[in-house]
Amino acid sequence: MEKLLQQARGALLEPAGIQDQDLARVLDQIMSYEVDAADLYFQHNRFESWVLEDGIVKEGSHNIEQGVGVRAISGEKTGFAYSDAIMLPALTAAADAARAIAHVGQQGSLQAWSRSAYQQLYLPQDPVHDFSAQVKIDLLQRIDGLARRQDARVKQVIASIAATCDTMLVAGSDGTLCGDVRPLVRVNVSVVVEQNGRREQGSAGGGGRYSLQKILDDDFATSLAQEAVREALINLEAVAAPAGTMTVVLGPGWPGVLLHEAIGHGLEGDFNRKGSSAFSGMVGQRVASEQCTVVDDGTLPERRGSLNIDDEGTRSQCTVLIENGILKGYMQDKLNAKLMQVAPTGNGRRESYAHLPLPRMTNTYMLAGKYDPGEIIATVDKGLYAVNFGGGQVDITSGKFVFSASEAYLIENGKVTRPVKGATLIGNGPDVLTRVAMVGNDLALDRGVGTCGKDGQSVPVGVGQPTMKITELTVGGTSA
Amino acid sequence: MTTSSHGQDLIINNDTIERYRQRVARVLALAADAGATSAEASLNVGKGLSATVRLGEVETVEHNLDQGLGVTVYMGARKGTASTTDLSDSAIAETVTAACDIARVTSEDPCNGLADAALLARNPQDLDLYHQWPLTVAEAIAIAQRCEDAALQYDKRIKNSEGATLSSQEGINIYGNSNEFLHGYATSRHTVSCSVIAEDGAGMERDYWYSSARCADDLDAIGGIGKIAAERAINRLNPRRLSTRQSPVVFAADIASGLFSSYVSAISGTSQYRNMTFLLDCLEQQVFPDYINIREEPWLKRGNASSPYDNEGVATAPSDLVAGGVAKRYVLGSYSACKLGLQTTGNAGGVHNLVVSHGVHTLEKLLAKMGTGLLVTELMGQGINRTTGDYSRGAAGYWVENGTLQYPVSEVTIAGNLKDMFRGIVDVATDVDMRRSILTGSVLIDNMTIAGE
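Protein sequence lines correspond, in order, to chains D and R. Just so you know, we're using the numbering used here here: the first sequence kicks off at 2 and counts up by one. Just so you know, we're using the numbering used here here: the second sequence kicks off at 22 and counts up by one.
Source of the hints: derived by calculation from the structure; they are not laboratory data. Keep in mind that a hint or two might mislead.
[Stated by the list, open to error] Pairwise CB distance ranges (calculated):
{"no.": "1", "chain 1": "D", "residue 1": "Gln214", "chain 2": "R", "residue 2": "Ala98", "range": "27 to 33 Å"}
{"no.": "2", "chain 1": "R", "residue 1": "Arg178", "chain 2": "D", "residue 2": "Ser459", "range": "32 to 38 Å"}
{"no.": "3", "chain 1": "D", "residue 1": "Ser33", "chain 2": "R", "residue 2": "Ala98", "range": "57 to 63 Å"}
{"no.": "4", "chain 1": "D", "residue 1": "Gln214", "chain 2": "R", "residue 2": "Gly245", "range": "54 to 60 Å"}
{"no.": "5", "chain 1": "D", "residue 1": "Val240", "chain 2": "R", "residue 2": "Leu304", "range": "28 to 34 Å"}
{"no.": "6", "chain 1": "D", "residue 1": "Ser33", "chain 2": "R", "residue 2": "Leu426", "range": "55 to 61 Å"}
{"no.": "7", "chain 1": "D", "residue 1": "Thr452", "chain 2": "R", "residue 2": "Lys386", "range": "40 to 46 Å"}
{"no.": "8", "chain 1": "R", "residue 1": "Ser378", "chain 2": "D", "residue 2": "Glu473", "range": "42 to 48 Å"}
{"no.": "9", "chain 1": "R", "residue 1": "Thr58", "chain 2": "D", "residue 2": "Asp152", "range": "35 to 41 Å"}
Just so it is clear, the structure is predicted and the values come from calculations on it, not from any experiment. Virtual Cβ for every residue (Gly too), placed ideally from N, Cα, C.
Kindly produce the complete structure, drawing on both the sequences and the hints.
Shown next, in the form of structure tokens:
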């Protein structure tokens with residue numbers, strides 16, 4: 002961790018001539034008010050993207066975002082201010098604004114800097130600069146050619162590469178002083194196919210916290226092109242989706258977005274501290290069938306949702322949310338953990354220095370069960386087999402959640418038959434998993450495409466699950 | 022509670038606007054020096070205060086001060102874009118260099134370039150978009166408290182709260198390009214919102230309400246906002262599901278604008294030239310019933326999305342999008358216009374206030390006209406396929422019989438195809454939601470599939 006901290010200091014503090022003792026002085030200035038805790042979050046984010054359309058890369062963009070956010074906490078009150086300039090005077094001014102939630106009072110205690118335990122889940126590299134523009138342009142052109150060669154019905158290909166290098170440093174009154182360098186790459190392919198005047202779309206994407214080298218080596222990007230074309234061609238054959246409540250089998254991987262919406266958000270600490278979640282006060286109770294064990298795991302190497310440390314400097318961990326059907330605990334940031342008198346779980350995340358940390362998910366998935374996927378489908382007389390999804394949404398108070406299938410099939414007499422059009426699935430979070438009848442042995446994680454929104458803040462996340470059979474779920478098709 | 026001022030305070034006046042205009046002028050000069058054949062830049066600075074109270078106590082006080090510069094350079098028909106939140110001279114120079122480096126390696130595209138100089142807004146009009154609200158932190162907290170208190174006092178079943186928030190934001194937007202366009206103006210937006218939780222033996226339901234305006238004087242009564250939030254949450258208690266059926270549906274005014282934003286997306290130049298739309302080549306075709314007109318009104322004083330020029334400096338003007346149900350034009354910026362062989366419609370960056378025509382009925386009368394069906398007050402998820410128009414979303418609302426509300430409904434979906442839904446609009450009510458950039462009343466659609474139990 003010391004090396005990462007040194008790298009973060011070099012990127013964020015040294016150009017402004019800010020020393021560790023300046024951070025201590027600013028925190029001390031905040032703590033001279035009736036403030037329980039304070040932190041300073043420095044960030045430099047470099048983002049680059051390239052887009053191919055009509056067979057050529059006609060657009061590229063390069064963005065830099067940097068600044069420092071200052072937070073002061075007094076009981077349940079939070080004061081927050083930030084500055085786009087990383088300079089000592091701006092930092093002092095932001096500290097003055099943030100501490101104004103509290104009165105002048107007892108000197109709060111400022112802890113000496115402590116060292117966090119080391120964990121390195123990804124390398125501190127810069128995927129923005131590790132390859133020339135030409136390499137990225139060539140890759141996009143290769144994807145375009147591959148998608149078009151696959152089928153003459155492909156009429157449009159839009160492919161993009163996005164790379165981010167995010168450097169952060171957090172200093173807190175509790176002695177936190179640590180930094181991280183977080184690479185993130187993502188490749189996306191979207192195609193339009195046309196046949197007899199009918200047009201359909203297919204898309205695929207993926208990435209993670211690594212160098213672009215990985216995408217070049219694995220030929221990951223070209224498999225995305227194949228996947229996008231395959232999905233679009235299947236949609237050309239799709240008939241109207243059924244409407245009503247039926248047995249639904251979800252495929253492995255990205256359909257785990259179900260867990261993110263139905264379970265995950267409702268188990269975030271802030272909602273439970275406030276008693277506004279449908280899961281409030283349910284720890285120890287059965288919320289799922291005993292085949293279900295669900296975790297939030299920020300420690301998977303190189304995954305999109307993983308973090309060495311969260312945005313408050315807490316080491317990320319694997320938190321068991323549901324074990325054999327019983328609700329075990331919530332995901333916490335420091336503020337909500339303290340107010341609920343539990344330990345933080347490394348889930349304190351923020352979109353940027355200009356946003357306050359909140360309890361957020363990392364990679365949320367269900368552990369593998371014992372059934373063979375084919376065996377699961379064979380048990381269904383009539384139902385839906387949904388293998389790919391768009392996004393979802395949840396009302397954490399009523400527990401109602403939705404997620405939208407983008408590739409699905411009918412199951413008839415134990416066999417997967419015709420493809421159906423996309424449809425939204427709706428259910429109730431606290432009881433949907435009680436109807437999980439079979440869990441497959443084929444756990445898979447998504448390919449690295451998830452972005453989660455909460456309170457206007459977006460953060461990268463991951464999801465996953467094995468094949469799963471739910472006996473009753475409402476499918477929002479048009480074919481009644 | 023003390024008032025605090027931010028160290029690098031932003032004072033919004035003509036001198037500041039002029040100072041930032043000069044900054045943009047320097048960016049354009051730097052781009053020219055770096056070899057760009059043409060360039061455009063936009064600079065946004067803003068500041069604000071937001072205060073949230075929950076159950077009467079302060080939860081967060083947030084001071085924001087934001088800045089950002091975006092620059093696009095052209096080298097002949099090649100294009101590069103870069104942006105930064107660091108406005109130091111060195112960061113600006115780096116940003117211009119980054120944009121130029123990109124423009125040297127991208128492919129030539131004959132449609133790349135600045136908007137036609139003849140179309141630029143030469144004397145942009147003042148649309149009354151900036152109204153300062155000089156608030157102390159203590160005053161902001163007091164207003165949020167008043168709003169939440171009205172909700173908490175409304176009914177004893179309001180047992181919890183996600184809080185009430187006052188947010189006051191103001192800023193300056195400058196846009197310049199190398200066709201000698203360089204203008205800027207100030208805008209403001211003030212919002213009071215409240216979200217509360219109703220609870221009885223059967224469960225919890227949350228709902229919210231808000232008021233938002235350019236000028237604080239135009240906000241709704243503060244207590245009324247809390248009261249409506251409470252009323253909405255209470256009315257949702259004890260929802261039932263519905264059996265799967267076909268039924269007419271009313272989209273309540275505050276969510277009906279989503280229908281028309283799907284229309285805007287379908288007729289946007291980008292969707293059209295990419296073939297990613299269910300309304301491909303729809304100009305002069307009947308897409309709505311003949312009693313539907315949709316007009317863009319960019320010059321509404323204090324309008325939510327009013328603007329004298331678009332993101333490329335092209336002058337805006339009021340014009341019809343849909344007349345007599347017929348699609349009269351697309352929504353185009355210069356690039357998508359060129360791809361389609363058309364002229365820009367001054368919509369780079371989007372539409373500037375759409376006004377949807379309505380009939381003579383209030384919402385109550387519209388429900389009577391529907392007779393039996395679903396009044397949808399909340400939609401969940403993004404289940405809209407732009408290429409095919411297939412529509413399937415989670416919904417909550419009220420079941421209506423003989424024009425009167427029977428009981429709240431949740432955990433159902435509504436589905437159809439947007440093409441049919443547009444043509445199936447029976448009537449639009451007079452209860453226009455003025456808080457949005459698409460101004461529409463509640464919309465009655467003849468038939469959709471409801472999936473439930």
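Checked hints:
1. D/Gln214 to R/Ala98: 27 to 33 Å: 32 Å, holds
2. R/Arg178 to D/Ser459: 32 to 38 Å: 34 Å, holds
3. D/Ser33 to R/Ala98: 57 to 63 Å: The hint (57 to 63 Å, Cβ to Cβ) holds, given that D/Ser33 and R/Ala98 are roughly 60 Å apart.
4. D/Gln214 to R/Gly245: 54 to 60 Å: 59 Å, holds
5. D/Val240 to R/Leu304: 28 to 34 Å: 31 Å, holds
6. D/Ser33 to R/Leu426: 55 to 61 Å: 56 Å, holds
7. D/Thr452 to R/Lys386: 40 to 46 Å: Holds: the Cβ-Cβ distance is about 43 Å, inside 40 to 46 Å.
8. R/Ser378 to D/Glu473: 42 to 48 Å: With Cβ atoms ~43 Å apart, the hint holds.
9. R/Thr58 to D/Asp152: 35 to 41 Å: 39 Å, holds
Every hint from the earlier list agrees with this structure, and none is contradicted.
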